[in-house]
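2 protein chains.
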Amino acid sequence: MQLPLFYEALVAEKDSLFSLSNETQKHAIQVLRLKEKDAILLTNGEGLICKAIITSIDKKQTIVQIDSYERINLFEHKTCIGISLLKNPSRFEWFLEKATELGISTIIPIICKRTEKQHFRYERMKTILVSAMLQSKQAWLPELKEPILFSNVLEEHNYDLKLLAHCNNSERKFLNNFKINQNTILLIGPEGDFSEEEILLAEKNNYISVSLGNNRLRTETAGVAAAVMLKLNN
Amino acid sequence: MQLPLFYEALVAEKDSLFSLSNETQKHAIQVLRLKEKDAILLTNGEGLICKAIITSIDKKQTIVQIDSYERINLFEHKTCIGISLLKNPSRFEWFLEKATELGISTIIPIICKRTEKQHFRYERMKTILVSAMLQSKQAWLPELKEPILFSNVLEEHNYDLKLLAHCNNSERKFLNNFKINQNTILLIGPEGDFSEEEILLAEKNNYISVSLGNNRLRTETAGVAAAVMLKLNN
Chain A
1 MQLPLFYEAL VAEKDSLFSL SNETQKHAIQ VLRLKEKDAI LLTNGEGLIC
51 KAIITSIDKK QTIVQIDSYE RINLFEHKTC IGISLLKNPS RFEWFLEKAT
101 ELGISTIIPI ICKRTEKQHF RYERMKTILV SAMLQSKQAW LPELKEPILF
151 SNVLEEHNYD LKLLAHCNNS ERKFLNNFKI NQNTILLIGP EGDFSEEEIL
201 LAEKNNYISV SLGNNRLRTE TAGVAAAVML KLNN
Chain B
1 MQLPLFYEAL VAEKDSLFSL SNETQKHAIQ VLRLKEKDAI LLTNGEGLIC
51 KAIITSIDKK QTIVQIDSYE RINLFEHKTC IGISLLKNPS RFEWFLEKAT
101 ELGISTIIPI ICKRTEKQHF RYERMKTILV SAMLQSKQAW LPELKEPILF
151 SNVLEEHNYD LKLLAHCNNS ERKFLNNFKI NQNTILLIGP EGDFSEEEIL
201 LAEKNNYISV SLGNNRLRTE TAGVAAAVML KLNN
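Residue numbers (the working numbering), protein chains in the order written: chain A, 1 to 234; chain B, 1 to 234.
There may be inaccurate statements among the hints.
As the list claims (entries may be wrong) - With a straight-line Cα cutoff of 27 Å, these simulated DSS-like cross-link-like pairs (lysine-lysine) come out:
(1) B/Lys87 <-> A/Lys179
(2) A/Lys179 <-> B/Lys137
(3) A/Lys173 <-> B/Lys87
(4) A/Lys173 <-> B/Lys59
(5) A/Lys35 <-> B/Lys78
(6) B/Lys231 <-> A/Lys179
(7) A/Lys26 <-> B/Lys14
(8) A/Lys145 <-> A/Lys126
(9) A/Lys231 <-> B/Lys173
(10) B/Lys137 <-> A/Lys113
(11) B/Lys87 <-> A/Lys126
(12) B/Lys78 <-> A/Lys78
(13) B/Lys173 <-> A/Lys137
(14) B/Lys179 <-> A/Lys179
Hints are computed from structural coordinates only; laboratory data are not their basis. Computed from a prediction, not measured in an experiment: that's the story for all the values here.
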């Protein structure tokens, strides 16, 4: 895909003419200096990629004509990472970018007993996902949930395999030994790890304790390492 | 290890008394407010961890008495990542931090045909490695080389398995299918990837072309994903 790719949540196969959002118009026309008759790609972040031709440009709006479609299927199983918010938001943003590049399907920011920071700027985080998706030329935008309490994430029902990564000395299986052949959710705790009570509560809720290896990793590093392993075995 | 861990390149088993470096002294005494008789851990970044007791504190120097030793062996094979410098240094620094946490043994910044940035602040990068080593409670500091030209990295002789990660459509084996049971070097290119000529040159020098998966990853993401896979199969 050599054509520039843009995110348009509302673009749909049926459309023949489509008016670009302000953001796309600004980037395509003012930054990239695209002209009428130039071709671009649009994705709705849900597997649809449209090739479109710019038909008219004016200050108010830029109209493109949808030329052809491609549907990218998500053949793999759903992979969800629930991860504690971090005191340093840029570390959390790094995780979001990398998880998107690696193709994780759902991200749930969680608030644990030892989570230090609970403020979360949803719109800013969303834009990080979008640019990571575009930069890595993907057509699927990970679903980003609003932060929820640890006890509530345990009630997520859409996953068949439920994993809890922690450094507690209890018996843990190595994540990389799991074949991810079903919808899977994996939880990662804050700096300082999950509390004993949280680990017990998760295990009561059919979560399996897993290890990410011998090294002691920062939360966002654990998140990226887990994303790599989940995708490797998917 | 609950005691605070500090880096002292010069600490050695034979020492009974040791004078802390200014940096360690500042952190231990001014930041952590440690007092005489408090215990700390010192590592030389080469597998040695010493438990030491603070015996005297004054403005000029802080003296500790080495109490006991532990030697952490690197039983695994050497893993080296040669990776292009990046236009955005914070992305390169992020890679250095994560590669250290994950336990990569050697990092070689490389300058390729399409490398955009060639400036490299060695001392700053070294401090990032040190704090990542301490933060992840490790006793081995990765060896950080000065940046070298791509053609020169091909002459590194210390590795039995030589891998080149790129996105070119030529035939590539999946990195995760390699058993890393020998000293291994893996090269990762800049944004825009290695040039055709660089790929051919590497293959002439017994490098095997590998893939890191189906997704198109940023250079630093590729570096971290590769680090995870190298350690998983080590």
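Of the numbered hints stated earlier in the document, which are not met by this structure? As far as the earlier hints go, 1, 2, 3, 4, 5, 7 and 12 are violated by this structure, in ascending order.
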